[in-house]
Structure formats: C-alpha cells, structure tokens
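> Chains as they are written, first to last, in UniProt numbering: chain A, 1 to 352; chain B, 1 to 352.
One thing to keep in mind: the hints can contain errors.
If several chains are the same, the list does not tell them apart, and a pair holds so long as it fits within one copy or across any two.
Computed list of lysine-lysine pairs in DSSO-like fashion (alpha-carbon distance at most 30 Å, straight line) [as the list claims (entries may be wrong)]:
| id | residue 1 | residue 2 |
| --- | --- | --- |
| 1 | 225 | 27 |
| 2 | 19 | 225 |
| 3 | 197 | 163 |
| 4 | 225 | 289 |
| 5 | 27 | 193 |
| 6 | 19 | 193 |
If you're looking for bench data, these hints aren't it; they were derived computationally from the structure.
Keep in mind the model is a prediction, meaning the values are calculated, not measured.
2 protein chains.
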Amino acid sequence: MTLQVADSYQIEIGSITQKHFDWLRGKEYAGWIVFADDNTVIDCLPLIEHYLPEGTPVVVAPEGELNKHLGTCQELWEAMFEAGVGRRWCAICLGGGVLEDMSGFVASTYKRGIDFLQIPTTLLSMVDSSVGGKLGIDFNHVKNSIGVFNDPVAVWIDPAFLKTLSAREVRSGYGEIVKHALIADREQWEAVKTITKLEEVDWSTIIPASVNIKREVVLEDPFEKGLRKSLNFGHTIGHAIESFWLETEDRLFHGEAVAAGMIMESWLSTQLDSLSGDDLEEITTYLLKIYGHQAVPESAFGQLLTLMRQDKKNEDSRINFTLLSAPGSARVNATAEPDMIVAALRWYNGLG
Amino acid sequence: MTLQVADSYQIEIGSITQKHFDWLRGKEYAGWIVFADDNTVIDCLPLIEHYLPEGTPVVVAPEGELNKHLGTCQELWEAMFEAGVGRRWCAICLGGGVLEDMSGFVASTYKRGIDFLQIPTTLLSMVDSSVGGKLGIDFNHVKNSIGVFNDPVAVWIDPAFLKTLSAREVRSGYGEIVKHALIADREQWEAVKTITKLEEVDWSTIIPASVNIKREVVLEDPFEKGLRKSLNFGHTIGHAIESFWLETEDRLFHGEAVAAGMIMESWLSTQLDSLSGDDLEEITTYLLKIYGHQAVPESAFGQLLTLMRQDKKNEDSRINFTLLSAPGSARVNATAEPDMIVAALRWYNGLG
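Here chain A stands alone, though its shape is the one from the complex (with noise of 0.2 Å):
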C-alpha cells in the first residue's frame, strides 16, 4: 500500500521487490551509498542485497543510542568522502530509528544536503521515524537536540523485518502505536487495547493504520507549531528517564520510557485536563500489562526535572506538556509546576 505524503514523498508499505529498486533507478542517481548499523548489516542487508549494484559502499555505523552523536556522524561523513559521494547520489538508509535519524541528518548535511531514502527495520521507525522529516542526533545529554528537518525521497516498510527483532525492541516499538491511538484516533485505541499477545498482531494491518495517523498530524504541522506537538504526549517525562537510564546498565528502551511517561502524563491529564479517572484506570491498566513497572528513585528526580527543562519542546523556563483530554484526543500546549511532576512521579511509583 502507498501513502501519499504531501507532494514531496511517499511511504510503500509492503515487501520491498524489485519494482521499488526500478523506481529508484529511474531516479537516475550518480551512485548509491547505503548507510546500516552493526545488526542491520548482518540480518537487514542480506534481504535486499541482491538488489544493489555490484560495488555498493556500504558504510557500518555503530548501532545504539549512545553512539548517535556528533563523532558518529564525523565517520560517517568521512566515510562518504572516501566513497567518493557526490551531491547527485543517493543514501540508503537501513536501520532502526537511530540508524535512520543520524544517517539522515549526515545526508542532508553532507555538501550541504543529498538525496536519501529510508528502510526502517524496528517497529519504532516503521510507525514514528518514518514519516515526519526530523533527523538528527543527541548533543550535550539532550536528545535529538541537533539536527534538521528534511524528508526523504521514499520509505519503504517492509514488515519482514520485523523478524530480525527481539520480543523487547517490538515492544518498545508498540509504545508509539498506543501513543497514536491515544492522542488521535479513540476507535483505534478501543481496537488497540485488546491486544495483549503482541507476537499474534498482524503488522500489516496495524502498522498503515498506525502510520497514517502520523502522517495526517505531521502534513497538517509539518514544523511542529501545534498540533504535531500532541505527538509528544508521553515524551516530555518519557525522554528524561530514558536519558536518565541511558548510561546505566538498566537502560529502557525508547518504548519502555515512553509507556511509563504516558501512564504519568495521563494522571497529569486527570490533575490538569478533563481526562476521567476511569480512562486513566484502563490506559495505566493496559501499559502496565505490556510494559510492567519500572521504580523511578527519589533521589534521581532532581536529575529528571533539569533534563526536561533542557528538552527542546518548551519555549521558556517552563515545562511542556502535550495532555490527554480524552483517549483519542490531546491539548498541547499544557505546563506544569515541578511540584506537580514530582506528585506524578510519586503516583506512578506507588503502582508498583
């Protein structure tokens, strides 16, 4: 199935054959170069290898959060100088949403900007990384803090991929499905929440479904002045423990961090909108069941207060909420005072 994205692209969801590689070729690229990370290249490539010319550059980036940074993206850049990359040629970029925000963010600064392509491989990027143009890396202990927005030329979503994936990182990748439902789309949250076996789902139902959501916010907000900003429903306390977490031998995935923010942010939503207590029940009811309880300690709050203060979404000193007023829809736009993150931090420790 294709997904229009404004004029500029379009999301093929489907397996990828060699008809997407013709179109690519028609696209009549001085070259390609293709950009994985140490797990894509050995479970991800071997699918679409015998679909690249012989000679491809392939260019390994290290794979994890911890390494997109700026001197990932200092190989990278070498390494597409020493393949000779010029301005007319195209990026294949083939990972997970790491993989896809750096790579991107080093092609569409790369003599200042190639073409570049997108084969997300972990449910996360399918769902959220794909569609929306925001690439980039963390600086300075704050994540995705540079970077640009810019789109690709085409994503391709090929479910096969999946199956090169742990049980955890689909998990982790679920969290942003549940978070479109919630905030825009309440008949989908209602089909949603009775799923509890995520190794049954068929993803190829699921995902379109889940991507289209975004990409009706992303089209009407491309530059995230309003409402794409609902898209952050989970993430202001969401970021700040999967940062706090991330240098640690307990590190959370992104899905896992974003589940606990969006059980505290809908409590914030009962304390600061119109979201009803028996919501709250059913939507901290079912992340539990999917994502368990992981103890936020007293002592780290300090931490997690200054990490959201620092994160890119507020406009001055205070802290940015996107809140629920209802599942399916969501206010952004929404502060609240330390004191009151701190009481949500507490509640949601006291449902362990």
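Add chain B to chain A, keeping to what the hints say.
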C-alpha cells in the same frame, strides 16, 4: 534600499537604525542571542549593542577560516544550551563569511533549527554570503563540505562596518564584485574595470548592484541545479589554492585566491569556450593590477588537483568548472582534463 528575496526575506542595505530592531521586536521572539567573532565583538558590536535588550547573550567564536569546523560548532551549540536558547529564539549573526556560514549552520541545526538574522561585516560577506542561504563549515580539508541551505529572516547590510576592515580584507571581498560582473553583467564589468583605487569606491552604490546580480541568479536556481553554478567561476581553482595555503604563513584571503582562480579559469575559457584573447588580457591585466601575482609551486600541482577532485561541485570524478563565453556571460558544467588544468597553472605562473 530593500531587495526582496523571494517571499521569504529581505535584504536591507543602508545604515542600521532603531527601525531595524523595531521590526525584529515585532516578530516577538522568546529571546535573541548574538554570535560574533574575536574581531567583530570589539569592532562591530558597539555599533549595534545599544539596540539590544540588556542581558542579551553574546557568544564569541574564534575568528578565521581555520576555526570554521565542527569543534567550534560544538562550542556554539553548548553556549546556546547554556544561555537557555529555545526554539522560538532568534540568532543575530554579526561577522564575516566564516562567522555567518558557521553560526547560520549552528542556528539551523540547533533543536532542528531556530531563526537567524545576518549582519555581514565584511565586504565579502555583504556581497556574497548574504544572499543564497548557503551555510556550513569545512570538514576533511574540504571547504564548506558540511552544511545546509537555509534562509535567514533578514540580512542587514550596513557599509559603515567596512571601516572596521583592513585594505586587504576590502580587496578580498571586492573579488566577488568583479566575479558577479564577469559572469552576468557586461555593463557592470565595464564599470568595474575602471576602478583602480578601492579606497575611493562609493560602496553604497556598488554593493546593491552586486548583491542584485547574485540575488537574481539565486532566485532562479536556489539549490544550485544549474545557473547558480555560474557563481563558482574562479572558485574551482580558487578554492583549491585557498585550501592549499590555508595552513601556511602566506595564507591567501578568499578573494585573492579567487582572483588567481578567475585568471586561470579565464584562460581555460579561451581554450575550452569562446572567450576572446583580448577579453582574457583585459581580465588578467585588471586582476593582476588589483591583486598582484602569487606563483604556484609545481610541487603543489598534484595536491591542488586532488583538492579540485574533492570539490563538492563535481558530480562524478571529473573536475567541474564555470567558464566565460564572454564577459557577462558564463557557461556552467564545463569540465577540464588534469593536463589542461596543469597547463592553466603553468600559464598563470608565467605571468609573474
């Protein structure tokens, strides 16, 4: 005087006054941050600082092309975090081409991009980098090889800043004025070639004419697919020479390197295009009178060719040039074989 650049922004040429800053205040940014360099913070900031709200953060970058790299960008990004700069802030970039290119890039990638305003303080940046949205830094020994295209909210060109420059800096910037005339405006070339004393030029008339040539070229071809490449005249060899001497004590200013490049590429234009011998002589005589002659050692030829091959203007392994068919008329996408380029270097050396 006001030059409109597409719908997106205006270039104001003339004294910077309270009116300018009232207009900026009307845009209701959450804050302003000033980028300057070691020189402009001393020489230029005093001309505008009484218009800035008390406490406006001023970030000072080390001056010069050798500092136009990723390490300096990191310092600037860190300073922005420290100053609490949010997405709705505006950066005011006060400096020459190096500072404008680099701080514009830093602003365009900080939190995926904040607005920025350019106040060019050198003749080079007034007539060249002020129009066209090219931002970036040097990387891997290649000039401007990492960057983006992005337009400022406005450019304010005030010839008063020229008084802060050395005669050599003025002469460097003047090279682009000559170039604009040669590639696109024969009449302007007839006027320019009568100028022999740069200290007597009325910049308030010559700058608008020159900026306007560049503006018309860029409006027609913002992303350098074709016509805009005409602005690269003199720059294929000029950039290589500039890079080669960059780390030496005799380093050439940009305009000096480009003047030598224009002489050699004019010679190539007689060999590979229809430029007449008389025009070549006129161009050569004029440029040598203004810029003198700087011999290029034979031992450097190999490295210069390597630098030219890495130039981001090339679309494959061939070395790309813009040549003149006649003064005022350029042809883009010409190529020259290494032997021919070496011949141009030798011919130039013979002029000394």
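> Which numbered hints does this structure break?
Going through the list in order, the structure violates hints 4, 5, 6 and respects the others.
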